[in-house]
Amino acid sequence: MNTGILEFVTIFVLAAFVGNEVIGRVPSILHTPLMSGSNAIHGIVLVGTILIMGSAHGAVQITLAFFAVLLATLNIVGGFVVTDRMLEMFKSKPTERAARSADRDGADPDDGSGDTQ
Amino acid sequence: MTLDTWIDLIYLLAAIGFILALKGLSSPKHARNGNLLAAAAAAVAVGFTFAYPQVREHALNLGLTFVAMAVGAVIAVPAARMVKMTAMPQMVAMFNGVGGGAAALVSIVVFLIEAPGKPAVYRIAEVLFGVLVGCVSFSGSAIAFAKLQELMPGRPVTYPAQQVINAVVAAAIVALAIGTLVTGNVPLLAATAVLSLVLGVIFVLPIGGADVPVLISLLNSFTGLAVAASGFTLDNNLLIIAGTLVGASGILLTRMMSKAMGRSLANVLFSAFGSVVTATGGADGSGETRPVKTGTPEDIGVLIAYARKVVIIPGYGLAVAQAQHTVRELADLLIAKGVDVFYAIHPVAGRMPGHMNVLLAEANVPYDELKEMDEANPEMATADVALVVGANDTVNPAAKNTVGSPIYGMPIINADAAENIVFLKRSMRPGFAGIDNELLFDPKTTLLFGDAKDTLTKLVAAVKDA
Numbered sequence: 001m002n003t004g005i006l007e008f009v010t011i012f013v014l015a016a017f018v019g020n021e022v023i024g025r026v027p028s029i030l031h032t033p034l035m036s037g038s039n040a041i042h043g044i045v046l047v048g049t050i051l052i053m054g055s056a057h058g059a060v061q062i063t064l065a066f067f068a069v070l071l072a073t074l075n076i077v078g079g080f081v082v083t084d085r086m087l088e089m090f091k092s093k094p095t096e097r098a099a100r101s102a103d104r105d106g107a108d109p110d111d112g113s114g115d116t117q
Numbered sequence: 001m002t003l004d005t006w007i008d009l010i011y012l013l014a015a016i017g018f019i020l021a022l023k024g025l026s027s028p029k030h031a032r033n034g035n036l037l038a039a040a041a042a043a044v045a046v047g048f049t050f051a052y053p054q055v056r057e058h059a060l061n062l063g064l065t066f067v068a069m070a071v072g073a074v075i076a077v078p079a080a081r082m083v084k085m086t087a088m089p090q091m092v093a094m095f096n097g098v099g100g101g102a103a104a105l106v107s108i109v110v111f112l113i114e115a116p117g118k119p120a121v122y123r124i125a126e127v128l129f130g131v132l133v134g135c136v137s138f139s140g141s142a143i144a145f146a147k148l149q150e151l152m153p154g155r156p157v158t159y160p161a162q163q164v165i166n167a168v169v170a171a172a173i174v175a176l177a178i179g180t181l182v183t184g185n186v187p188l189l190a191a192t193a194v195l196s197l198v199l200g201v202i203f204v205l206p207i208g209g210a211d212v213p214v215l216i217s218l219l220n221s222f223t224g225l226a227v228a229a230s231g232f233t234l235d236n237n238l239l240i241i242a243g244t245l246v247g248a249s250g251i252l253l254t255r256m257m258s259k260a261m262g263r264s265l266a267n268v269l270f271s272a273f274g275s276v277v278t279a280t281g282g283a284d285g286s287g288e289t290r291p292v293k294t295g296t297p298e299d300i301g302v303l304i305a306y307a308r309k310v311v312i313i314p315g316y317g318l319a320v321a322q323a324q325h326t327v328r329e330l331a332d333l334l335i336a337k338g339v340d341v342f343y344a345i346h347p348v349a350g351r352m353p354g355h356m357n358v359l360l361a362e363a364n365v366p367y368d369e370l371k372e373m374d375e376a377n378p379e380m381a382t383a384d385v386a387l388v389v390g391a392n393d394t395v396n397p398a399a400k401n402t403v404g405s406p407i408y409g410m411p412i413i414n415a416d417a418a419e420n421i422v423f424l425k426r427s428m429r430p431g432f433a434g435i436d437n438e439l440l441f442d443p444k445t446t447l448l449f450g451d452a453k454d455t456l457t458k459l460v461a462a463v464k465d466a
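From first to last, the protein sequence lines stand for chains R and F.
Position 76 (the first sequence) corresponds to 76 in the numbering used here; numbering is contiguous.
Position 362 (the second sequence) corresponds to 362 in the numbering used here; numbering is contiguous.
If we strip away everything but chain R, and leave its shape as in the complex, we get (with noise of 0.2 Å):
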């Protein structure tokens, strides 16, 4: 079992450098998506509060890991989905964001205009 913690450490070191040069040079209008991205990341912890749930035993155990299903729960999809609301208005074009605009808010005049730019 010692040599399996030593196993565990390795991976947490090299994990930890890789996810230090990953995001290198990250320009600053970024930094709300990737926060709330790395953040739905470690929503990964489901799986982790999945197994414990299979293990659990009582009323006591069973609750507390329930509880632990549903908090991660709420962090993974929420993060994912929040972080992809954000996302979607960076995505397009400036061409196919006029298009869109004027879709959206067909009604507004100067909508024509702000295109000749």
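Please keep in mind that the hints were generated in silico from the structure rather than gathered at the bench.
Be aware that a few hints might be false.
[Claimed, not checked] What follows is a set of in silico ranges between Cβ atoms, one per label pair, in the way DEER data are often shown:
| no. | chain 1 | residue 1 | chain 2 | residue 2 | range |
| --- | --- | --- | --- | --- | --- |
| 1 | R | I62 | F | M428 | 53 to 63 Å |
| 2 | F | E150 | R | V13 | 33 to 43 Å |
| 3 | F | P291 | R | E21 | 49 to 59 Å |
| 4 | F | M428 | R | V13 | 48 to 58 Å |
| 5 | R | T63 | F | V198 | 17 to 27 Å |
| 6 | R | V13 | F | A40 | 22 to 32 Å |
| 7 | F | P443 | R | V13 | 57 to 67 Å |
| 8 | R | H57 | F | Q322 | 44 to 54 Å |
| 9 | F | I16 | R | L6 | 18 to 28 Å |
| 10 | F | N401 | R | T63 | 57 to 67 Å |
| 11 | R | H57 | F | G262 | 24 to 34 Å |
As the structure is a computational prediction, the values presented were derived from the model and not from experiment.
All residues carry an ideal CB built from backbone N, CA and C; glycine is no exception.
Once you have looked at the hints, place chain F on chain R.
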């Protein structure tokens, strides 16, 4: 291959998905796909977890798992879909806090299951780490949520003997943790969990509203580490990798954010910003009685309609007033009149770093009209008008000129370099930092008081008539 090996392989693929997703999230082009990739990886990993026989062993437990997941999804999806973009920081705080709580609960239940068998010291240490960090993240995020949602004052909360109380709580946690390590006693772990919740609260209370977003980023990183700790207790590679990735990248992101505010992370967390603030505010004299120049929407409408170059500097006031659509209307109108318009975005404009970009993207402002601070500043001197909409601290020259000001050293947008400065402000009330802004009294400055949406609507009408 055994079933376990297959599942481990799936988990490895999910972990790769998360790494690629984080990489994607750091560039505007791939961000959305990155997030979708992470969601898909998570869904596959969660789905295959049900292949473990232990998960399906007891029908009751399995049923409860599905009930909890269904309830969670039913709450989370509408909450995430309907939240206003301005309320995004507190939403992220909430989703982060519950994740920390879940990680702490996993560690607690593992301990309850293993405690009768006298677990090894390192197992207890893994549990303790998960409980401590998870609980701090949970209660800390709850207070951060309350501050941002304005359920409690955003100002730093200070009380007598604060440092002493903090030290006592910290010392008690250390003592209880050592006790748990030695004895493997369940009530001691429970007491550690409760005190960790208290620690989360007292850690966040003295942090001011403007600094809370940096704090959320830090707590996000904490939750990642708590999840990694759960991974250790469960011998689960996926949780270790995902949790550590978030933990490490979160700390880096937190440091980048505090750098954008021109301060060290330690300063953000421990300075109790507000107490310094009142002192400087007093020294500056009561600014409210000094004369300022106010203009009518018509004056300002003419000024900007016949300018060559207008730089719009949006701040949190714009977000509060939900005026991002109106500001775009104004900008489009000016562009149609041949004015050169761009938006200068301070990295911490809004309530959380990058928040303003999200808000303007929501209003369909084209990407190429947004300029980051470093790109915008060299152009400020050639601007005819700097139109400051609901911003204050991010254009305060005190950050450059007044040594000893609480915001001294924070990078700002050089609105003062423009030929004319127009402030759309609700009142003379200072910004989050609570200090006077000399720029308001500058002879080049004109003020237009009112809710940003109202004043912008009036400006749109004035520009049309001009």
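Practice item. Go ahead and decide if the range 22 to 32 Å is satisfied by the Cβ distance of V13 (chain R) to A40 (chain F). Key: Check passed, 27 Å falls within 22 to 32 Å.
Point to revise | C-beta pair P443 (chain F), V13 (chain R): status relative to the range 57 to 67 Å that was hinted | key: holds, 59 Å
Check your understanding: If you check the beta carbons of H57 (chain R) and G262 (chain F), does the distance land in 24 to 34 Å?
Key -> Between H57 (chain R) and G262 (chain F), where Cβ atoms are some 54 Å apart, the hint is violated.
Practice item. Note whether the CB distance of N401 (chain F) and T63 (chain R) lies within 57 to 67 Å or breaks it. Key: With a Cβ separation near 59 Å, N401 (chain F) and T63 (chain R) satisfy 57 to 67 Å, so the hint holds.
Check your understanding: So the hint says 33 to 43 Å: do the beta-carbon atoms of E150 (chain F) and V13 (chain R) match that?
Key -> holds, 41 Å
Check your understanding: Are P291 (chain F) and E21 (chain R) spaced within 49 to 59 Å by their CB atoms?
Key -> 55 Å Cβ-Cβ, so the 49 to 59 Å window holds.
Exercise for review: Check the following: the C-beta atoms of M428 (chain F) and V13 (chain R) are separated by a distance inside 48 to 58 Å.
Suggested key: holds, 53 Å
Practice item. Could you check the hint for me, namely that T63 (chain R) and V198 (chain F) are 17 to 27 Å apart, CB to CB? Key: Holds, at about 22 Å.
**Study point:** Beta-carbon spacing of I16 (chain F) to L6 (chain R) - inside the hinted bounds 18 to 28 Å or not
**Key:** holds, 23 Å
Check your understanding: Taking 53 to 63 Å as the hint, is the beta-carbon distance of I62 (chain R) and M428 (chain F) inside that range?
Key -> Cβ of I62 (chain R) to Cβ of M428 (chain F): about 58 Å, so the range 53 to 63 Å holds.
**Study point:** Assessment of proposed distance window 44 to 54 Å (beta carbons of H57 (chain R), Q322 (chain F))
**Key:** Since the Cβ atoms of H57 (chain R) and Q322 (chain F) sit about 51 Å apart, the hinted range of 44 to 54 Å holds.
In summary, the one numbered hint that this structure violates is 11.
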